[in-house]
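> Residue numbers (my numbering), protein chains in the order written: chain A, 37 to 312; chain B, 530 to 781.
Derived from the structure by calculation, the hints contain no laboratory data. It is possible that some hints are incorrect.
Simulated DEER-style distance windows between Cβ atoms [to be verified]:
id : chain 1 : residue 1 : chain 2 : residue 2 : range
1  : A       : Val56     : B       : Phe662    : 19 to 25 Å
2  : B       : Asn558    : A       : Ala272    : 35 to 41 Å
3  : B       : Ala760    : A       : Glu69     : 43 to 49 Å
4  : B       : His624    : A       : Arg97     : 31 to 37 Å
5  : A       : Asp305    : B       : Ala760    : 30 to 36 Å
6  : A       : Leu111    : B       : His668    : 28 to 34 Å
7  : A       : Val56     : B       : Glu554    : 41 to 47 Å
8  : B       : Ala651    : A       : Arg280    : 42 to 48 Å
9  : A       : Arg97     : B       : Gly759    : 35 to 41 Å
10 : A       : Asp307    : B       : His624    : 36 to 42 Å
Here a beta-carbon is modelled for each residue, glycine too, at the ideal position from N, C-alpha and C.
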Amino acid sequence: MTLLRVRNLRVTFDTETGPVEAVRGVSFDLGRERLGIVGESGSGKTMTGRSMLRLIRPPGRIEADEMRFDGIDILAASETQMRALRGPRMAMVMQDPKYSLNPVMRVGAQLMEGLRQRDRVGRVEAHAKAVAALNAVQIRDPERVMEAYPHELSGGMGQRVMIAMMLIPNPDLLIADEPTSALDVTVQAEVLSILDALVRDRGMGLIFISHDLRLVARFCDRVLVMYKGRVVEEVAARDLLKARHPYTQGLLNCLPRIGGNRGPLPGLDRDAEWAR
Amino acid sequence: MALIEIDTLSVTFDAGDRRVRAVQEVSLNVDAKASFGLVGESGSGKSTILRAICGLAPITGGQVRIGGEVVKSPRSKAFSAQVQMVFQDPYASLHPRHTIDRTLSEPLAIHGIGDTDARVMAALSDVGLPTSFRFRYPHQLSGGQRQRVAIARALMLKPQILLLDEPTSALDASVQAEVLNLLARLRDERGLTFLMVSHDLAVIDHMCDRVLVMQHGRAVEELSREALAGARMQTDYARSLFAASADRMLEG
Numbered sequence: 037m038t039l040l041r042v043r044n045l046r047v048t049f050d051t052e053t054g055p056v057e058a059v060r061g062v063s064f065d066l067g068r069e070r071l072g073i074v075g076e077s078g079s080g081k082t083m084t085g086r087s088m089l090r091l092i093r094p095p096g097r098i099e100a101d102e103m104r105f106d107g108i109d110i111l112a113a114s115e116t117q118m119r120a121l122r123g124p125r126m127a128m129v130m131q132d133p134k135y136s137l138n139p140v141m142r143v144g145a146q147l148m149e150g151l152r153q154r155d156r157v158g159r160v161e162a163h164a165k166a167v168a169a170l171n172a173v174q175i176r177d178p179e180r181v182m183e184a185y186p187h188e189l190s191g192g193m194g195q196r197v198m199i200a201m202m203l204i205p206n207p208d209l210l211i212a213d214e215p216t217s218a219l220d221v222t223v224q225a226e227v228l229s230i231l232d233a234l235v236r237d238r239g240m241g242l243i244f245i246s247h248d249l250r251l252v253a254r255f256c257d258r259v260l261v262m263y264k265g266r267v268v269e270e271v272a273a274r275d276l277l278k279a280r281h282p283y284t285q286g287l288l289n290c291l292p293r294i295g296g297n298r299g300p301l302p303g304l305d306r307d308a309e310w311a312r
Numbered sequence: 530m531a532l533i534e535i536d537t538l539s540v541t542f543d544a545g546d547r548r549v550r551a552v553q554e555v556s557l558n559v560d561a562k563a564s565f566g567l568v569g570e571s572g573s574g575k576s577t578i579l580r581a582i583c584g585l586a587p588i589t590g591g592q593v594r595i596g597g598e599v600v601k602s603p604r605s606k607a608f609s610a611q612v613q614m615v616f617q618d619p620y621a622s623l624h625p626r627h628t629i630d631r632t633l634s635e636p637l638a639i640h641g642i643g644d645t646d647a648r649v650m651a652a653l654s655d656v657g658l659p660t661s662f663r664f665r666y667p668h669q670l671s672g673g674q675r676q677r678v679a680i681a682r683a684l685m686l687k688p689q690i691l692l693l694d695e696p697t698s699a700l701d702a703s704v705q706a707e708v709l710n711l712l713a714r715l716r717d718e719r720g721l722t723f724l725m726v727s728h729d730l731a732v733i734d735h736m737c738d739r740v741l742v743m744q745h746g747r748a749v750e751e752l753s754r755e756a757l758a759g760a761r762m763q764t765d766y767a768r769s770l771f772a773a774s775a776d777r778m779l780e781g
């Protein structure tokens, strides 16, 4: 079943020097699966993710031939309808916990806010649910974290708090923008297995945005490779390491390897032709 | 004699009524012109070791010796001329309202070194930035360009030792490759000694000769590069860290 259908998505920013197109004609379908979007910074992967929730502020604008989530036309939906979608139906984990959590509010209060305001859950129950969510993302000492302010947490903890926050309403679609870039490999593996279990057990759809090709190859089912606002290649994740497109190969080759020869790493050659 | 000697270093913070033992009796030695890596999960104390060396975290036990001499508190000017640090986040480590020129010339002014103009220009070209960037502000640069500026700033006083705290983890793969190549080139040209923190074993393996695995503020295991690449680790934790990085191996 198709959860999300996107045809010819374009995101344009009108600037003083004329329109800048951040996303130029992206099309894809998403079922209850893990879709990876990879590319360098500026390739439009985050803008693609944000468009799904219509979280692009003016002067940016979103255009598409079609953009449907579970049959709902996202482009035609009213702001009230979008509000009802964001959170309970589709959620997004942002990249940087430092800028995405409220710095002057305790973590516990932030976790419980949605439950208290939206779901009208009592304080005790909300607290229990928030602690359970922190446990689900493998936070060892949830009671302490509930009482902490965001600056008292490490990057990895902050990231897990944000994932916990997004998972409390049990969404159908989770857009995760570089959710593990700030984490070290062991925690990264834990967070990925949490996300993996959610896709499998709850039948959630996942859009996983990352610049780490190896991670995406291991974790996702399907991968879109983006370059300058366009999808240059779509491959099954298991075939990513054998990708054909020179840009994808370039991204793979510039990574250091354990046991490599330690010579200078190859740079990435870019061809203007790819962006057409 | 090793250039950097860390002898049973402990760092303890008092947070209200709780004592946080960030680093507990960690010892390591780094020879001149060698590169040493620290790996471990977040909160394992690896960055705190670097911060303790340059005086940003208190040394509550043990000793840090640079070139055989115990470091003084507060750190002297001679210390900063010898040891410099590059931070993880190039967005947070450069002053947002200072131009690149001001960032790079400040260490020279503090140390009373003249010839600022030529040195700033040379520093920019050393890290592969066009000299036209000199009067820009950090927000006008990309992440990779900012990290180059941070490296240029660290090198202004011609230090022997660079402490690198996750210097590429905020960067894209292609930009990471450029910055790692830059660091390797500068190390060879200037005979620098690196003490580098990263959570990416592939980056550590690429840059370092020896690596110390840390967990919960303690040293778990020290490995040579050969032992790391050959997966000859003794402890379970080091092995699990290695297993989690299996996709960073040469093949696959």
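> For every hint, state whether the structure bears it out.
The hints, checked one at a time:
In this structure, valine 56/A and phenylalanine 662/B meet the distance hint of 19 to 25 Å, their C-beta atoms being roughly 22 Å apart. About 48 Å separates the C-beta atoms of asparagine 558/B and alanine 272/A, a value inconsistent with the hinted range of 35 to 41 Å. Evaluation of the 43 to 49 Å hint for alanine 760/B and glutamate 69/A yields a failure: the beta carbon distance comes to about 33 Å. Range check, histidine 624/B to arginine 97/A: about 35 Å between beta-carbon atoms, so the 31 to 37 Å window is met.
Restraint check, aspartate 305/A to alanine 760/B: a C-beta distance of roughly 33 Å satisfies the suggested window 30 to 36 Å. In this structure, leucine 111/A and histidine 668/B meet the distance hint of 28 to 34 Å, their C-beta atoms being roughly 33 Å apart. In this structure the supplied range 41 to 47 Å is violated for valine 56/A paired with glutamate 554/B, their Cβ-Cβ distance being about 55 Å. As the Cβ distance of alanine 651/B to arginine 280/A is approximately 43 Å, the hint placing it in 42 to 48 Å holds.
For arginine 97/A and glycine 759/B, the hinted distance range of 35 to 41 Å is not satisfied, since their beta carbons lie about 55 Å from each other. Distance hint check for aspartate 307/A and histidine 624/B: the Cβ-Cβ separation is about 37 Å, which falls inside the suggested range of 36 to 42 Å.
When the structure is compared with the earlier hints, violations turn up for hints 2, 3, 7 and 9 and for no others.
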